[in-house]
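Fit chains A, U and E to the supplied structure of chain C, relying on the hints for placement.
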Amino acid sequence: MSRIAFDILYVDGLTKAFGGLVALQDVSFNIAAGRIVGIIGPNGAGKTTLFNCISGLEKVTSGTILFKERNITRLLPHEVVKLGMVRTFQTTRLFRHMTALENVMAGTYLTVRSSLFADLLLLPKALRAEQKSREKAMDLLKLVKLDDLADLRAENLTLSQARRMEIARVLATGAEILLLDEPSAGLDDNERMELVALLREINSTGMTVVLIEHDIDLIINLCEEIIVLNYGRLLAKGSPAAIKNNEAVLEAYLGVSDEL
Amino acid sequence: MSYNYPLFNVHELIAGYGGIRVLHSVNISVDRGEPTALVGVNGSGKTTLLRVISGLLHQVSGSIEFLGKSLDGVPAEKRVAFGICLVPESREIFANQSVQANLRLGAYSWLSSSKMDLYKEKLDFVFSVFPILENRRKQNAGTLSGGEQQMLAISRALMAQPKLMLLDEPSTGLAPLIVREIFRVLKELNKTLDLTLFLVEQNTRLALKIVKKGYLIERGRIMFSDSAESLLEYVNKVGFTHSAVENK
Amino acid sequence: MDLLQFTVSGLTIGSVYAIIGIGYYLIYISTRVINFAQGALVQLGGVVALSFLISWKLPYALVFFITFFVAAILGIVFDKAFVGPAGRHSVLSSILMTVGGFLVFEQAIYVFWTKDELMFPAISGELPINILGVMIIPQALWIIIITAFILSGLWIFFNCTVYGSAIMAAAEKPEAARLVGINVNIMTSSSWALAAGLAGVAGILIAPITFAGGSLSAEVGIKGFVAVILGGITHPLGAVAGGLLLGITESLTTGYVSSAFKDAISFGLLIAVLALRPEGIMGQARREKV
Amino acid sequence: MDKRKNLIWFVLAIVIALFPFLGVNTFTVQLLTLAGIYATVALGLSFVLGNAGQISLGQAAFFGIGAFTTAQLITKFQISFWLALPAGGFLAGLAGAAPGYLALRFQGHYLAMVTLCFGLILQILFLELPSITGGAGGIPDIPSPFILGRAIDNSAGAIIKTFHVAWFLLLATAWLLNNLLSARSGRAFAAIRDDTLAAEATGIPVAGYKVRAFIIAAVLAGLSGGVYCIHTHYIGPEIFGVGSSLEFLIIVVIGGLGSPVGAVVGSLLFAVLPEVMRSYEEYRLLVFGCMLMLIVLIAPGGIWGLVSNRISKVWKNVKNRL
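The listed protein sequences derive, respectively, from chains C, A, U and E.
Mapping of the first sequence onto our numbering: position 227 corresponds to residue 227, and the numbering continues sequentially without gaps.
Mapping of the second sequence onto our numbering: position 136 corresponds to residue 396, and the numbering continues sequentially without gaps.
Mapping of the third sequence onto our numbering: position 106 corresponds to residue 614, and the numbering continues sequentially without gaps.
Mapping of the fourth sequence onto our numbering: position 119 corresponds to residue 917, and the numbering continues sequentially without gaps.
Chain C extracted, bound-state conformation (with noise of 0.2 Å):
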C-alpha cells in the first residue's frame, strides 16, 4: 500500500490543567497519514482529555495542535469537523428520536449543502441535497453493515450497531482523520473482531485512525503504532512490539516490584 509520508496530525507541547490539576502535561507527538494508531495508559492517565482538546471541546493550557499543517488549537468543535477530523464518545451518543438512516444523513450535514431558505420552501436544491445524503448515508451503512437496519429508531439499536452506525455518521462528515473514544468498551469477542475488521477497512481507503483503548490485546492487534499515557504525561510511543517490552509501560499498568 502507498503512503503519503506527512503528519496529518501534530501536537506540541500540550498541557491542560484543570485549576489546580494537570490533566495533561507537555504533550508531544505526532500522527502520520494513514496510519491507524492506538493510545492507551491507565485510568485517569489523560486520554479522553486528550482528545477532548484536539477536537476543541477543551480549551488548551499552552502547547499547539497542528491539523494538516494548519493551527487549530483555538478552533471550535464544529470548525475541526468541518476541517476533516472528527471524534467519538466514550459512551454512544446517538440522536435517540432519529432513525438510523438520519443519523447517519445528520452526519452529512458538512458534505452535502443546502440552505434554510431552500429548505423551508423545499426547492429543489433542497430535495437534490435530500436524495444526495440519503444516498451517501445509506452507502456508509451498507459499509458498516447496518442497511438493513436504515429505518430503526437509533434508541433500539443494540451496543455494537450503535457504535458502528457512530463510525458511519462520522466518516459522513467527510473526515480524514477519525478519533475514536473506547469504541470495543461493551463488546464481546465476536463484536470485538467484527469492529476490528471495519477499522481495517476503513483504514485501508487511506483513512487516518486513532483510538483511546481498553483492549490492550486489540490495540497491540490492530495498530501500527501505539501511544502510552502516564499521570498525563507522554510515556512511550512505539510499534505494538517495543510497547509490550517497554519496562516503564509494564511499571504503569503493574506498579512498581520493590517492597512495602
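Partial list, derived from the structure: chain C residues whose beta carbon lies under 8 Å from chain E:
no.: 1; residue: Met98
no.: 2; residue: Ala126
no.: 3; residue: Ser133
no.: 4; residue: Thr173
Residues of chain A placed beyond 12 Å of chain C at every Cβ, according to the derived structure:
no.: 5; residue: Leu327
no.: 6; residue: Ser330
no.: 7; residue: Asn395
no.: 8; residue: Lys473
In silico lysine-lysine, DSS-like type, Cα no more than 27 Å apart, as pairs:
no.: 9; chain 1: E; residue 1: Lys803; chain 2: C; residue 2: Lys125
no.: 10; chain 1: C; residue 1: Lys244; chain 2: A; residue 2: Lys469
no.: 11; chain 1: U; residue 1: Lys681; chain 2: A; residue 2: Lys338
Because the hints were derived from the structure by calculation, they are not lab data.
Even for Gly, the Cβ is constructed at its ideal location relative to N, Cα and C.
Chains A, U and E in isolation, oriented as in the chain C frame:
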C-alpha cells in the same frame, strides 16, 4: 491465622448497565480475615463487581451471600449496617463538609446519642491511624490533597465498623510514596482489626504484596484464582496484557 | 436619610427573598430541579395561615408551625408523586411539571379560597416606629428578626447536626451517601419538605405587606428564584446574598428611578449577571464531564 | 409519496376555504379563528420545545410584539394590514433573537428562567410604555381590514375573512415548518435536541441553529399576534403576559410536543373546551393545569401522541388482515 469460614460468596453473578453486560458468571469466595485482591486491566469489570457487592448496582442474575445470608434486595444503605463498606475509586468524600463531619457521617449507620463514647473511641482510633487528619479536622474536606482525601475515604469507611472493606483502586492518581504509605496502613489494619480487605487494583504488583489470595479478571470473566505469590509470578511472566490467549 | 430608609425596606423584602431562595437552593442541590411551583407555595402559605388565624383563631406562633407543616407535606407529595417521576423523562418534563404545579396550586387557591387580595393582620401593630430617623413598620422588624432566626437555625442544623449533614451529603454525592448508610430518598424528601415549608413561612411574613391570596405573593416567589440565581444556586449563602442584593436594588430603584420599572430592572439585572457570570455571584463554576 | 403529501395539503386548503360556508354560525367561526391564531403560536413554541429541544417560557411576549406593532401601524399610521402583519412578524423575530442568544449560554432550568424573565420584562414594558402600547388601556378600535370606512364591525363577511387569514396563515406556516423538518435543517435541529454535544461533533453549527429556532418561533408568534388584533379589535397588555405564555405552553404540551398536528389539537381544545363547559369557567385553568401535569406524567407525547399511536396500531391491524 486460620480462615475457617467464608465471609462472602459471589455465585454465578451476571451484571451490567442497560443492555450491556459487563460481568459474565463471576464466582468469588473470600474467607473471613483473608485479604483478597482482584486484579485486571481497566475496563475488565472490577469496579462493576464492587458496585454490585456494595449494592449500588443490581445484578441481572446470580447471588451474593454475606456471612451466610443472601444480600438479595438489600439496598446499599442497609448493607453498611451489615458491615460492608466500599471505598470508591474517586474517593467520593463530601467536599463541602469538614473532615470531622465526613468522619461523623461514616458512623451514620450506628451513631446515636447513647453511643457517643464509642464514637469518640472510633474517632481517636482513626486519628491514630492517620494523624494528619486530626490536624485537618476542622478543614473543608475539599481542600485536602489527593493522598489525604484517600486517607479520609478509608477512615470514613473505618468509622462504619466494617467487617469487609472493598477498596477500588486506592492507588489511582497518587504519588508512589503516598501509595506505599496507604498500603502499609491497609496491611496493618487487616492484621489488627477483624476486617477483611477486598482490594481492586490496577497496580497489580503492589496489590499482590498485601493480600493472601488473588483473582484475575478479564473482560468480565474470572480467568483464575490462586495464591498471591503464584499470581504475581504469572503476571510478571506474561506482562501487562494479562491475556492468557495472546501470550501462550 | 432616604438612602437608609430605602436600604431598610430593601433588607426587609430581601430577607423574604432569601428565605424563599433557600428553598430553591435545597431542592436544586438535592434533586437538580428548579421548583417553579415555589411561588404558589408562598401564596398558599398566606391563605392557609389566614384561615387558621381568622377562622380557627389560633395564636400567631402556632400558625407559623402549622403552615410550615402543611406546606412541607404538600412539598413531599408534589415531589414524590409528580416531579420525581416526571424528571426521569427529561429536564423539560420536570420544568413542565413544576410549572403545571404552580398553575394548579395557584388556581386551586383562586377556586377554593378566593380570588381577592385579603387583608392579613400584621404580627404586631401597624404604626411605624422611628429608629434613628428611619421609619420602620413593626412587620418589617419582625420579618428581619424572624429571618435572622431562621437563617441561624438553618446554619446550626446543617453544620452541627448529623441529620443536616446527611441531607447535604446526600445532595452532594448521593452514591457516597448511600455507602455510609444514608437513605437518600428520605433526605431528598426532607429537602423538599424544608423548602416548601420555608416558602409557606415566607408567605405568612410577606402577607401583611402584599395581602394574602393575590398574585403579588406569587411574584415574590419568582423573585426568590431570581435571588438565588443571582447569588449562585450552588452556594449555601447564594440565596441570602442574592436576596439582600435584589431587595436593596429594588427598593433603591423604586426610590430613585420609578416603581413601575422596578421589576423590569431586577429581571434585567438577573439576565445581565447571568450573562457575565452564569454561576451567580457566589457560585462555583461546574464542569460537564464528557 | 410526495404526491400524496401534497394532496393532503391541498385538501386541507379546500376544507379551510369552504368551512365557513357550511352553515356554521358566526360564533363558532370566531371561536375557531381564535383556535387558529393560538395554533400558529403553538406551532412555533412546539418547534422550539419539541424539535429544537430548547425552552421558552415567554412566548406570549412575541405574540404581543406582533400584535402591538400591527395594531399601531394600522391605527396610528394608517398602514395597510397586509404590510403591518409582516412588519409585526419581523419585529417579533428580531426580538426572538435575544432569547436565542441567551440560549447559547444557558440550558435547561436556567434557560427556562431566563426566558421567563425576558417575558416578564416585556410584560412590564407593554404596561409601562403607554406611548407605544397604549399602557393599561391598550389599543382599542382596531379596524378590520376587510371593511373600509368603519371602525368596528362584526359583519359576517369580515368574520369569515379573518377566519381565512388565521387558518391560511396556520396552513402556510405548518407547510413551511413541515418542509423544514423533513430536510437537512430539520435534522440539524433534531440532532441538537437529541444530543447537543454529538451534534457539534458532527459539524453542525449549534449556536446558529439555536438562534434560528427562537427566531422562527418568534416570527410565528408575531404573525399570529397581528391576526389576533384584527380578530378582537382591541388589545391590552394583560393578554401578553407570562400567564398567556403558560397557556401556550399548556396548549403545546397537551396537544403533543414537536408535532404540528398536536399544536392544532391543543389549540382547538383550549379554545373550544371552555365554551363547552361555560358554567364552570372558574375551573378552566385548574383543569388545564391538572391536564398538563397528567400529560407530562403519563403521556409525554400529548393527546395527539396517544391518538396517532392508536391510529397506527389500527392501521397495522387492518393491513395485516388484508
